[in-house]
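Visitor: Read top to bottom, the protein sequences are chains C and S.
In this text, residue positions in the first sequence follow this note's numbering: the first is 1, and each later residue adds one.
In this text, residue positions in the second sequence follow this note's numbering: the first is 1, and each later residue adds one.
Derived from the structure by calculation, the hints contain no laboratory data.
You can trust all of the hints, since none of them are fake.
Quick look at which bits of chain C chain S covers, simulated, 3 or more residues with Cβ under 8 Å:
id, segment
1, 75-84
2, 95-104
3, 140-150
From chain C, some residues computed to sit far from chain S (all C-beta separations above 10 Å):
id, residue
4, Arg72
5, Val216
6, Asn224
7, Glu241
Keep in mind it's a predicted model, so treat the numbers as computed, not measured.
By construction, the Cβ of each residue, glycine as well, lies at the ideal position given by its N, Cα and C atoms.
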Amino acid sequence: MTAFDHDPIVEMKDIEKHFGPVIALNGVSFDVRPGECHCLLGDNGAGKSTFIKTMSGVHKPTKGEILFEGKRMDFASPRDAMEAGIATVYQDLAMIPLMSVTRNFWMGREPVRRVGPIKFMDFKTANEVTMEEMRKMGINLRSPDQAVGTLSGGERQTVAIARAVYFGAKVLILDEPTSALGVRQTANVLATIDKVRKTGIGIVFITHNVRHALAVGDRFTVLNRGKTLGTAQRGQITPEELQDLMAGGQELVALEGSLGGTV
Amino acid sequence: MSDAGQGAGAVPAKDERVKEISGLRKALIRPELGAIVGTIAVFIFFFAFAADSGMFNAQGILNWSTVSAQFMIIAVGACMLMIAGEFDLSVGSMIGFAGMSIALVSVTLQWPVWIAILLTFALCIAIGALNGFIVVRTGLPSFIVTLAFLFILRGFTIFFPQLIERQTIIGGIDDAAEGDWLAPVFGGKVGGWIFDWLGSIGAIGVFERGTRAGEPIVDGIPMLIIWALALVAVAHVILTRTQFGNWVFAAGGDAQAARYVGVPVNRVKILMFMFTAFCACVFATCQVMEFGSAGADRGLLKEFEAIIAVVIGGALLTGGYGSVIGAALGALIFGVVQQGLFFAGVESSLFRVFLGVILLFAVILNTYIRRIITGER
Numbered sequence: 001m002t003a004f005d006h007d008p009i010v011e012m013k014d015i016e017k018h019f020g021p022v023i024a025l026n027g028v029s030f031d032v033r034p035g036e037c038h039c040l041l042g043d044n045g046a047g048k049s050t051f052i053k054t055m056s057g058v059h060k061p062t063k064g065e066i067l068f069e070g071k072r073m074d075f076a077s078p079r080d081a082m083e084a085g086i087a088t089v090y091q092d093l094a095m096i097p098l099m100s101v102t103r104n105f106w107m108g109r110e111p112v113r114r115v116g117p118i119k120f121m122d123f124k125t126a127n128e129v130t131m132e133e134m135r136k137m138g139i140n141l142r143s144p145d146q147a148v149g150t151l152s153g154g155e156r157q158t159v160a161i162a163r164a165v166y167f168g169a170k171v172l173i174l175d176e177p178t179s180a181l182g183v184r185q186t187a188n189v190l191a192t193i194d195k196v197r198k199t200g201i202g203i204v205f206i207t208h209n210v211r212h213a214l215a216v217g218d219r220f221t222v223l224n225r226g227k228t229l230g231t232a233q234r235g236q237i238t239p240e241e242l243q244d245l246m247a248g249g250q251e252l253v254a255l256e257g258s259l260g261g262t263v
Numbered sequence: 001m002s003d004a005g006q007g008a009g010a011v012p013a014k015d016e017r018v019k020e021i022s023g024l025r026k027a028l029i030r031p032e033l034g035a036i037v038g039t040i041a042v043f044i045f046f047f048a049f050a051a052d053s054g055m056f057n058a059q060g061i062l063n064w065s066t067v068s069a070q071f072m073i074i075a076v077g078a079c080m081l082m083i084a085g086e087f088d089l090s091v092g093s094m095i096g097f098a099g100m101s102i103a104l105v106s107v108t109l110q111w112p113v114w115i116a117i118l119l120t121f122a123l124c125i126a127i128g129a130l131n132g133f134i135v136v137r138t139g140l141p142s143f144i145v146t147l148a149f150l151f152i153l154r155g156f157t158i159f160f161p162q163l164i165e166r167q168t169i170i171g172g173i174d175d176a177a178e179g180d181w182l183a184p185v186f187g188g189k190v191g192g193w194i195f196d197w198l199g200s201i202g203a204i205g206v207f208e209r210g211t212r213a214g215e216p217i218v219d220g221i222p223m224l225i226i227w228a229l230a231l232v233a234v235a236h237v238i239l240t241r242t243q244f245g246n247w248v249f250a251a252g253g254d255a256q257a258a259r260y261v262g263v264p265v266n267r268v269k270i271l272m273f274m275f276t277a278f279c280a281c282v283f284a285t286c287q288v289m290e291f292g293s294a295g296a297d298r299g300l301l302k303e304f305e306a307i308i309a310v311v312i313g314g315a316l317l318t319g320g321y322g323s324v325i326g327a328a329l330g331a332l333i334f335g336v337v338q339q340g341l342f343f344a345g346v347e348s349s350l351f352r353v354f355l356g357v358i359l360l361f362a363v364i365l366n367t368y369i370r371r372i373i374t375g376e377r
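Take the sequences, apply the hints, and build the full model.
Guide: Below you can see the structure in the form of structure tokens.
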């Protein structure tokens with residue numbers, strides 16, 4: 001059974017977004033199905049960030065519609081999108097370094113025991129679940145009290161992904177999760193993406209690194225200057241074609257000549 | 001976490017690059033460590049140099065614990081606010097303002113003291129909320145917003161009594177508070193019978209002549225101290241054990257990240273401004289009930305003393321990290337040193353030198369500790 005046997009969880013149709021006179025998105029269509037990893041590629045300024053912020057409820061589209069499980073949705077805030085099941089892991093805003101892994105993991109959704117009007121945090125449950133979820137993702141914490149600041153960049157991304165999965169995300173948007181990471185940590189994050197996809201969650205993987213995209217992607221959509229240049233399935237496109245598409249074609253061909261095709 | 005590993009059957013392999021953390025290093029990242037060491041050092045110092053000055057008999061202890069409790073009350077509020085990522089520089093002016101408000105309502109208007117106290121609390125908490133509202137709405141640094149209120153409140157505190165009573169000190173609150181039900185909650189004393197008993201068995205000093213001959217010199221614990229301990233206990237539990245406490249850390253650690261996961265950051269910050277105002281008001285009410293008067297210059301520089309106590313207690317000025325217990329110990333260090341220098345016969349202006357030096361040390365230590373926690377090099 002492949003991902004294409006399912007209907008899309010989220011479908012974005014002809015999304016336009018204008019900021020004053022600037023047209024950031026000019027008719028972008030995109031969808032993600034359960035259990036697939038759909039890569040959104042594009043160079044800086046292509047509109048990737050604006051697009052995912054529209055998807056996660058930060059921006060309202062100027063035109064176009066968002067369907068969630070076939071129903072038309074109008075997200076008023078990131079909170080709305082989150083409740084519906086769209087979780088976003090931002091590259092830099094994922095975690096608070098000074099707080100412990102447990103406190104970060106449960107932030108905003110703490111397990112509580114009520115004593116009168118006071119909501120005590122249930123640290124026993126919180127710690128156990130955190131350790132267990134992190135182990136599922138392949139990370140052994142020294143202790144759940146460990147500050148997130150002591151974790152590596154890849155581990156921080158993993159905590160954020162584990163958190164989103166645990167809280168029932170149906171769609172997981174990953175905003176350049178690998179761009180600041182080393183080779184080994186990147187491999188870990190890509191492996192995590194693969195694990196999460198197999199549980200039936202739809203993943204939107206934003207990147208400008210073709211290699212990372214091809215490593216885990218099922219479908220690839222390229223954005224350029226606020227427009228989709230097209231969507232390709234795995235196996236239908238070569239890394240070179242994808243790279244050219246991203247750069248808008250011409251200039252990179254010229255560049256590649258001088259760099260010997262290493263870009 | 002060995003117990004967690006055994007449950008899953010195969011114990012996961014340890015990462016060989018993660019060094020085992022020594023107990024000392026673990027203790028080092030507790031925010032209140034510096035304050036604990038400081039407290040012990042201060043007590044050892046004064047035991048050695050001022051033990052025979054009466055600093056550690058009943059009156060001496062009451063003396064420095066009262067001063068420490070005053071610092072503690074405002075430090076608790078400043079601590080919670082600082083962890084939530086904000087400052088309040090208007091605490092000192094708020095103390096003067098609250099005291100004057102109680103005096104004007106109870107003495108000038110001749111309303112019952114309990115109404116004066118409740119009105120003042122409502123007013124101060126509303127001003128705290130306004131402070132917070134302006135900060136979260138405009139996004140301006142709380143430093144600037146509360147600096148404005150430092151001047152606004154102090155100005156009113158001098159203006160109103162001059163306009164109404166033609167003086168800047170209003171007395172007679174003790175007479176007005178006679179028989180009031182709420183006033184003793186701030187100005188009263190508790191546990192008198194314990195001190196009577198201690199006096200009767202000769203454990204503490206008693207008056208030897210005069211109308212109170214035979215009564216113990218220390219005749220109870222001031223409510224001020226009870227308020228301080230209660231505030232410390234409640235704030236500590238809320239900060240470390242509750243959901244709201246997690247939100248306070250999150251709001252100060254990274255407001256944007258906290259908002260993304262649904263923490264009501266603005267509400268948390270405004271509530272902490274209100275709590276700080278509440279603490280300033282408790283301080284002012286206790287002071288007014290003790291002195292029986294309100295003065296327009298009360299509370300001068302208190303905001304900085306509160307912030308220094310909090311920083312000595314291990315909180316980071318940038319928010320997101322700190323401890324109420326640490327702040328309380330910072331306040332205790334303050335009280336003991338300020339009064340200890342007096343007992344030891346040292347020139348009291350040297351207290352300020354001490355403040356500056358210890359503040360510098362505390363900030364340097366805290367920065368170092370933060371590097372350890374966040375793994376920065």
